[in-house]
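Residue numbers (the numbering used here), protein chains in the order written: chain A, 17 to 232; chain B, 17 to 232.
A few of these clues could be false.
Copies of the same chain look alike in the list, so a pair counts if it works inside one copy or between any two.
Stated by the list, open to error - Okay, derived cross-link-like pairs now, DSBU-like style, lysine-lysine, Cα gap no bigger than 30 Å in a straight line:
id : residue 1 : residue 2
1  : K177      : K32
2  : K177      : K144
3  : K144      : K32
Derived from the structure by calculation, the hints contain no laboratory data. This structure is a prediction, so every number in the text was calculated from the model and none was measured.
Now for the letters of each chain:
There are 2 protein chains.
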Amino acid sequence: MQPEPPHTRLRRLRRKQVEDRSALDALLDEVLVAHVGLVVDGHPLVLPTAFARDGDQLFLHGSTGSGWMRAAAAGAPACLTVTALDGLVVARSTFESSMRYRSAVVFGVLRRLDASARNLALDVITDKLLPGRREEVRASTAQEQRRTLVLAMVIEHWSLKVSDGWPDDVEEDRAGPAWAGVIPLRTAAGSPVGAPDLEEGVPVPSSVHAFVEARA
Amino acid sequence: MQPEPPHTRLRRLRRKQVEDRSALDALLDEVLVAHVGLVVDGHPLVLPTAFARDGDQLFLHGSTGSGWMRAAAAGAPACLTVTALDGLVVARSTFESSMRYRSAVVFGVLRRLDASARNLALDVITDKLLPGRREEVRASTAQEQRRTLVLAMVIEHWSLKVSDGWPDDVEEDRAGPAWAGVIPLRTAAGSPVGAPDLEEGVPVPSSVHAFVEARA
Chain A
17 MQPEPPHTRL
27 RRLRRKQVED
37 RSALDALLDE
47 VLVAHVGLVV
57 DGHPLVLPTA
67 FARDGDQLFL
77 HGSTGSGWMR
87 AAAAGAPACL
97 TVTALDGLVV
107 ARSTFESSMR
117 YRSAVVFGVL
127 RRLDASARNL
137 ALDVITDKLL
147 PGRREEVRAS
157 TAQEQRRTLV
167 LAMVIEHWSL
177 KVSDGWPDDV
187 EEDRAGPAWA
197 GVIPLRTAAG
207 SPVGAPDLEE
217 GVPVPSSVHA
227 FVEARA
Chain B
17 MQPEPPHTRL
27 RRLRRKQVED
37 RSALDALLDE
47 VLVAHVGLVV
57 DGHPLVLPTA
67 FARDGDQLFL
77 HGSTGSGWMR
87 AAAAGAPACL
97 TVTALDGLVV
107 ARSTFESSMR
117 YRSAVVFGVL
127 RRLDASARNL
137 ALDVITDKLL
147 PGRREEVRAS
157 TAQEQRRTLV
167 LAMVIEHWSL
177 KVSDGWPDDV
187 EEDRAGPAWA
197 GVIPLRTAAG
207 SPVGAPDLEE
217 GVPVPSSVHA
227 FVEARA
């Protein structure tokens, strides 16, 4: 018996709820790591994992030796939450201080993909994490593909909450001397560092350059 | 009946497991947002939330109007997962490519703090998110404190997984032409932006300067 997913409508702060599917997709395509929630022996378990989206599907990958992925592969109810922390909202009181963020919650079941769907999904994941990289390296071998497990979840029940405002101080505080504003936050990439076993003179490839430039 | 938490020992990749409590504390003190997992009507629910640590306790805060916090306040089994994404590990094959990360999973139950413990915990949370800010603004009013709900979880069952290595390519790939290395990733702060209702000439306070400098 499949439990019903929790309601996806916010009870509080409804003004933060965003119904726009393209805003959901943009967040899912930007953030590299999701937090996946499962129920294990009645207890919640939350694990971070790389993921990617293709249309209405979300893909997670791992080793065929991954215990939680094997356990979840047969249709486990799951919650996939994807969060971008965009800033600290610094109000004139600590009570009104908060955060700017975008957070998507997707409810569904996880299912293991068969070999051909799995191989396509692995390309989708690679192309999200480091676009252009597949064209710079050899193709995966059939053995590597077989050692990889890919789970998929259909995007059907979801909610998106976006907090992008300014401090909302009471009048008394606005008249006071304290500063108020926002400290922007983002995921930034540093300069790429060659591996210890890299031969001298091997240039940093364009996939890596593009990734770093987009997050410099 | 309290379900037993899932095992906190890694079945795979045991070399990534870190037993050092100080490494756990450092991660919990560095990362601003946790992903909290709950079981709601048999279904997993994962929500992002600000949090802070004080000794062996973790604190979450929210509005007394928060449905999930009220529901969880009476001892709900919970999983609090805290992740820092430290880099992309770019191997000479997509199969060996991975991520650098630190990820803590803490299992326990959430309990609502009473008024005096709540007020102390709110200071702990503020002092983590923006150290020094409390000294720059007025104290919270009793009414503000009453409108805030703080949940606590004792750190007892936890695991910490750290991936901080280099690409581990097979010999054939190492002899090939492809680049390999790491792209460092971190949470970076941008220049603070004053609120639209901020009077001209109010200087950026030292708490904000220090926060930005630590993440520049």
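(message) Could you work out which of the previously given hints the structure breaks and list their numbers from low to high?
(response) When the structure is compared with the hints, none of them turns out to be violated.
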